[in-house]
Amino acid sequence: MPLPPETSLNRFGGKVALVTGGASGMGREASIRLVREGASVVVVGLPDDERGAETASLAEAEGGRAVYVGADVTKESDCNAMAQAALDHFGRLDLCIAAAGISHAGYVSGEVTEGEPLLGGAQRYVIHKPVEYWEKVLAVNLTGVMLTNRAVARVMIAQGDGGSIVNISSGAAKAPIRGMADYCVSKAGVWMMTRCLALELAPNEIRVNTVAPGLIDTPMTLAVTSDEERRQRRIESIPLSRLGEPADIAEAALFLLSDQSSYITGQILHPDGGIFVGS
Amino acid sequence: MAESGMARLQGRFEGRFQGKAALVTGGASGMGAESSIRLANEGAAVAVVGLPSDQRGPDLVARINDAGRQAIYVGADVSREAECDAAAQAAVDAFGRIDLCIAAAGILHAQYVSGEVSDDDPSPGNRNGHIINKPIEYWEKVLSVNLTGVMLTNRAVARHMMTQGDGGAIVNISSGAAKIPMVGSADYSVSKAGVWMLTRVLALELAPHTIRVNTVAPGVIDTPMALGLSQDEQRRAAFERYVPLGRLGEAGDIAEACLYLLSDQAGYVTGQILHPDGGIFTG
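Protein chains in written order, with the working numbering: chain A, 897 to 1175; chain B, 963 to 1245.
Don't take each hint at face value.
If you want the footprint, here are the derived chain A segments under chain B, 3+ residues with CB under 8 Å [to be verified]: (1) 1097-1104; (2) 1146-1153; (3) 1156-1168.
Hints listed in this document are in silico derivations from the structure and should not be mistaken for laboratory results. Quick reminder that beta carbons are idealized off the backbone N, C-alpha and C, glycines included.
Using the sequences plus the hints, can you model the full thing?
The structure is reproduced here in structure tokens:
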């Protein structure tokens, strides 16, 4: 099965990008590919996540510059500080991928957590779910994206020469999943916020778009993908007959960040293997 | 904004489509022509398909060939099955295979002639264009080119791709009108909505063959089809104020959306719609 090739394009020479959720998965892959195509990248991850620095060194191995900055995207001051870090290190900020997200309140990146939300346990239904869980998911997945977006947009507006933002949503933005109302609602919110921001920032030539992945082979889907039987069952439900790779998502995000999409704003792109085409 | 395709033809770079063969309908002008140039620039051999009488097609092919790239011109009326099949066969005869297809042939209304500002401009307020008045021949003409033509094109190329057995990618040009009804243009809007649904069904039917099928649905783009708007300075200015990104689209904007979806960079994208429209329908 063909995967996105190592591109020969060089779309981001002289640009500076900030990528949240950069410690692993699609955020890591996007960081590496951005540097490969000429960008300098601020890799953002949780302050105590050593994989963030790992991403930065993997990206620098591509021959460009990357720094790791620890931040909790639910905190406005952290978001503002990470945008400032881009200015401090690289002097400007042109591009942003907001990829930080959690699948459920108990999620810890890289672990198959006990709060595994896909088994349909009725305790995860809205009528039972503790409100703290709901608030936690919305804080990271929705408010975190909003805070990230406006922190970088303020820098872009001050620079005065445009910019491009990609927010990672999910097929769950449109397809409800039992037991995952918090996640689905947060991702639907990202999609609507993207459209509102696209209108608000268009006069500044800042484009804002969403990539809404299907089931991708990243730490967030370990609960499904590490169980061979469940993995196979899910693959059978995907028209293109494979899980997505982080590179599939990274290339969608890079297209939307690049001048190749300079007339695209407020849009949603689904690299999902066609999983929702029939629904 | 992306630099023009012809400018990029001069500076060669290793492209995304080396060794691939593409067929592009509506290739004589506008977004089809720009896509053909950019595909060739990135290494594809291109069968440019247009109406048999359209001299712009052979001229374009000559320019691509002069730049050292592979292309042929094939005259075909996409509303005829035999001509679609013959066009696909011509591509296979010339290049040995077909990997990629852009179905960009389309008309704005029944009287449309590419490159002319036609009298029957179906702008809102032209009540002759309303469904209750529109001659059925007009309706049938638009559906036969914009919808049946895309279906016939898609299956003609897909049969070759299935025989080859190593996948493929198809992009159909729809329109923002696929989702937004336009007064006086029911035939156009319905045909484009049909393209979007056809794309989804074909995406499911062809996925087992690793043939991806997607739609690009432009806003108002500065091509021959939009001449009625773009040549009227007052209408153009009024329209540009209405587009969030403040300009008409360029053919290159659409071509790059198509090339992304045709490339392996979009290897996990099928059955989707992408709107390079300057944000015009976001609100």
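Right, here's what the structure says about each hint:
no., hint, verdict
1, 1097-1104, "holds (count 4)"
2, 1146-1153, "holds (count 4)"
3, 1156-1168, "holds (count 12)"
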